[in-house]
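Take the sequence shown: its position 207, counting from 1, is numbered 207 in the UniProt record's numbering, and each next residue is one higher.
Mixed in with the good hints there might be a few duds.
To be verified - Capping the alpha-carbon separation at 16 Å, the derived lysine to aspartate or glutamate pairs in EDC-like fashion look like this:
| id | residue 1 | residue 2 |
| --- | --- | --- |
| 1 | 64 | 105 |
| 2 | 82 | 17 |
| 3 | 22 | 147 |
| 4 | 10 | 73 |
| 5 | 14 | 73 |
| 6 | 82 | 57 |
| 7 | 189 | 126 |
| 8 | 134 | 196 |
| 9 | 10 | 169 |
| 10 | 213 | 196 |
| 11 | 189 | 120 |
| 12 | 211 | 126 |
| 13 | 213 | 188 |
| 14 | 144 | 28 |
| 15 | 87 | 42 |
| 16 | 211 | 188 |
| 17 | 211 | 105 |
| 18 | 87 | 57 |
| 19 | 87 | 44 |
| 20 | 134 | 105 |
| 21 | 211 | 44 |
| 22 | 10 | 94 |
| 23 | 58 | 42 |
| 24 | 101 | 44 |
| 25 | 58 | 17 |
| 26 | 58 | 34 |
| 27 | 167 | 15 |
| 28 | 167 | 4 |
| 29 | 58 | 44 |
| 30 | 64 | 44 |
| 31 | 14 | 169 |
| 32 | 22 | 203 |
| 33 | 144 | 203 |
By construction, these hints were calculated from the structure, which means they are not laboratory data.
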Amino acid sequence: MNQDLILYYKERAKEYEKIYAKPERQSDLISSIDILRNLFCEKDILEIACGTGFWTEKIARTAKSIHATDVNEAVIEIARQKNLGNKVRFEVADLYNLDTKQRYEGLFGGFIWSHILLQDLNSFVEIINQTMVKNGFMVFMDNKFVEGSSIPIASTDQFGNTYQLRKLENGTSHSVLKNFPTQDLIFEKLSVIAFDINFINLEYYWIVSCKIK
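Please build the complete structure, drawing on both the sequences and the hints.
So this is what it looks like as structure tokens:
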């Protein structure tokens with residue numbers, strides 16, 4: 001994982017969940033929570049890039065168990081304070097160096113796809129595939145770019161990756177990788193390892209679910 005991105009989320013940890021307070025996104029948030037709870041009902045889940053556990057807490061209502069991981073200790077410390085009980089285990093772990101000895105029947109990646117370099121998507125998909133059982137259920141959720149609500153794109157690199165300039169409450173500014181993939185690109189990458197790929201398009205978010213081959 002990019003070290004600049006890790007530093008950004010470390011410094012953003014205490015203000016991490018304020019993004020979910022945007023008034024215009026409340027309807028989508030309610031819908032997303034219901035969708036994810038239904039998708040992961042009674043499943044043993046690996047969550048990658050769990051952040052402060054905002055979505056972990058929502059999904060834990062119906063999931064059988066969640067192993068929630070993030071590379072950043074600062075956000076994991078906040079997540080652990082939610083006291084979600086024995087069914088949830090938080091761990092500091094890099095998604096590129098996960099313990100693949102255990103295979104899971106469900107995987108959730110919330111708002112991580114957009115932080116993967118386009119040229120790294122193939123290896124990312126192969127790595128997460130190694131954590132899943134055959135016919136396992138995988139779900140990704142991420143932002144759609146919405147003019148007036150999303151932070152504007154500040155730059156684009158030679159590979160087509162897009163970056164936002166984000167300012168934190170501590171006064172620092174960060175150039176943050178934030179891609180907004182097309183549905184066709186997501187399908188192309190996931191179809192290598194998965195089938196029964198289904199998209200849900202909300203106003204501010206997209207959700208894709210699939211089964212592992």
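Restraint status (C-alpha distance of residue 213 to residue 196 at most 16 Å): 10 Å, holds
Does residue 44 sit within 16 Å of residue 211, going by the straight-line distance between their CA atoms? Measuring from Cα to Cα gives roughly 15 Å; hence the hint holds.
Quickly compare the C-alpha distance for residue 58 and residue 44 to 16 Å and report which way the hint goes. 15 Å, holds
Take the C-alpha atoms of residue 22 and residue 147, compute the straight-line distance between them, and say whether it is at most 16 Å. Answer holds: residue 22 to residue 147 is near 14 Å, not above 16 Å.
Taking only the CA atoms, is the gap from residue 10 to residue 73 under or equal to 16 Å? Between residue 10 and residue 73 the Cα gap is close to 8 Å, so the pair holds against 16 Å.
Can you confirm whether the C-alpha distance between residue 167 and residue 4 stays at or below 16 Å? OK: residue 167 and residue 4 at ~14 Å, within 16 Å.
Are residue 58 and residue 34 close enough, with their CA atoms no more than 16 Å apart? Between residue 58 and residue 34 the Cα gap is close to 9 Å, so the pair holds against 16 Å.
Regarding the pair residue 144 and residue 28, is the alpha-carbon distance no greater than 16 Å? 12 Å, holds
Given the hinted pair residue 189 and residue 126, is their alpha-carbon gap at most 16 Å? With a Cα-Cα distance of about 10 Å, the restraint between residue 189 and residue 126 holds, given a limit of 16 Å.
With the threshold set at 16 Å, check whether the alpha-carbon distance from residue 64 to residue 44 stays at or below it. Roughly 5 Å between the alpha carbons, so the hint for residue 64 and residue 44 holds.
Pair hint residue 87 and residue 42, alpha-carbon separation not exceeding 16 Å: Distance ~11 Å between residue 87 and residue 42 Cα, so the pair holds.
Can you confirm whether the C-alpha distance between residue 22 and residue 203 stays at or below 16 Å? 13 Å, holds
Violated hints are absent here; each numbered hint is respected by the structure.
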